[in-house]
Amino acid sequence: MQASFSGWGSGLLGVVIFSGSLPATRVAVGMLEPVFLTSARAVIAALAGAALLLLLRQPVPRRQDLLPLAVVAGGVVIGFPLLTAMALQHITAAHSTVFIGLLPLATAIFGVLRGGERPGPLFWLFSILGSLAVAGFALSQNAEVSLTGDALMLAAITFCGLGYAEGAQLSRRLGGWQVISWALALALPVMALTALAARPETLAGLSLPVWISLGYVSMFSMLIGFVFWYRGLALGGTAGVGQLQLLQPFLGLILAAWLLSEPVAPAMLGATAFVVLCVAGAKRYA
Numbered sequence: 000m001q002a003s004f005s006g007w008g009s010g011l012l013g014v015v016i017f018s019g020s021l022p023a024t025r026v027a028v029g030m031l032e033p034v035f036l037t038s039a040r041a042v043i044a045a046l047a048g049a050a051l052l053l054l055l056r057q058p059v060p061r062r063q064d065l066l067p068l069a070v071v072a073g074g075v076v077i078g079f080p081l082l083t084a085m086a087l088q089h090i091t092a093a094h095s096t097v098f099i100g101l102l103p104l105a106t107a108i109f110g111v112l113r114g115g116e117r118p119g120p121l122f123w124l125f126s127i128l129g130s131l132a133v134a135g136f137a138l139s140q141n142a143e144v145s146l147t148g149d150a151l152m153l154a155a156i157t158f159c160g161l162g163y164a165e166g167a168q169l170s171r172r173l174g175g176w177q178v179i180s181w182a183l184a185l186a187l188p189v190m191a192l193t194a195l196a197a198r199p200e201t202l203a204g205l206s207l208p209v210w211i212s213l214g215y216v217s218m219f220s221m222l223i224g225f226v227f228w229y230r231g232l233a234l235g236g237t238a239g240v241g242q243l244q245l246l247q248p249f250l251g252l253i254l255a256a257w258l259l260s261e262p263v264a265p266a267m268l269g270a271t272a273f274v275v276l277c278v279a280g281a282k283r284y285a
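Position 4 of the sequence shown, counted from 1, bears residue number 3 in numbering that gives the first Met the number 0, the numbering being contiguous throughout.
Honestly, the hints are just simulated from the structure, not real lab data. Treat the hints with caution; some may be incorrect.
The calculated label-pair distances, taken between Cβ atoms and stated as ranges, are [as the list claims (entries may be wrong)]:
| # | residue 1 | residue 2 | range |
| --- | --- | --- | --- |
| 1 | A196 | R62 | 51 to 57 Å |
| 2 | A266 | R61 | 29 to 35 Å |
| 3 | P265 | L51 | 41 to 47 Å |
| 4 | R283 | S5 | 21 to 27 Å |
| 5 | L131 | A196 | 36 to 42 Å |
Beta carbons are placed, not taken as given, at the ideal position from N, Cα and C, and that holds for glycine.
Take these sequences, add in the hints, and give me the full structure.
And the structure:
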C-alpha cells in the first residue's frame with residue numbers, strides 16, 4: 000500500500016514537471032533557434048545524467064540494448080523536443096497542449112505494437128474519435144492557427160509515444176531513470192556537435208526568462224521529470240499511474256494562461272476534455 004501511494008505521488012510529480020515543458024519551450028524559442036535549443040538541452044541533461052550514472056556506478060547496457068536506447072533517444076531526446084520547439088514558432092503553448100492529450104493514446108498504440116497486446120474494438124473506437132476530435136479542432140480554428148504547427152505537434156506526439164513505449168520495455172531490465180540517462184549519453188556526441196554548429200553568435204543578449212526556460216527544459220523536462228515518472232510507473236503500476244498523464248493537458252493550459260498570459264478559449268478546453276475522455280476510454284479497453 001505504501002509503495003503504491005508513493006508511486007502515485009512520484010507519477011503525479013512527474014506529470015506536473017512535464018506540464019511546464021511546452022510553456023517553457025515557448026519562452027525559449029522566442030530568442031533561441033529550435034535546433035540549438037533541442038541540442039543544448041540534451042547536452043546539459045546528458046552531462047547531468049552521465050554524472051549520475053558514474054556516481055551510482057551503473058552497469059553499462061548490453062549490446063542488444065543499444066538499438067532500443069537509440070529509439071528512446073530519437074523519440075524523447077531529439078524528436079519530441081525538436082518538433083515541439085519548431086511547432087511553437089507557429090502556435091501558442093496553450094494550443095499545443097490539446098495535442099498532448101493524444102500522448103497517452105500514442106504511447107498505448109506503440110505499446111500494442113511493441114508488446115503484442117490485442118485490444119478490443121472499443122479501444123480503436125476511442126482512438127479514432129480522439130484523433131478526429133483533434134483534427135476537427137485544428138481545422139475549425141481561425142486563420143491564426145497554423146496547419147504547419149499542428150502537423151509538427153502530431154509528429155512530435157508520434158515520436159514521443161514511440162520513445163515512451165520503447166523506454167517502458169527497457170525499464171524492466173535497466174531501470175527507469177537509467178534508461179533516460181543512457182539514452183541521453185548515447186545522443187550526447189551528436190547533440191554536442193549540433194549545438195556547436197547551431198550556436199548563436201552570442202548568448203549575451205538572452206533575457207532571464209529565456210535562461211530560466213532553458214534550464215527548466217534541460218534539467219526538469221529532460222531528466223528529473225523522467226526520474227519521478229519512471230519511479231511512479233515502477234512502484235504504482237504502469238496501467239494505473241499512466242492515467243495521471245491525462246492531467247497534463249489541463250495543467251499545461253493552466254500554466255500557459257498563468258505564465259504566458261495566453262488566452263484559453265472555451266473551445267480549446269472542450270476539445271482537450273473530449274480528447275482526455277477518449278484517451279481514458281481507449282486505455283480502459285486496451
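How the hints compare with the structure:
1. A196 x R62: 51 to 57 Å: 30 Å, violated
2. A266 x R61: 29 to 35 Å: Given about 49 Å between the Cβ atoms, the range is violated.
3. P265 x L51: 41 to 47 Å: Holds, since P265 and L51 (Cβ atoms, about 44 Å apart) stay within the stated range.
4. R283 x S5: 21 to 27 Å: 25 Å, holds
5. L131 x A196: 36 to 42 Å: 40 Å, holds
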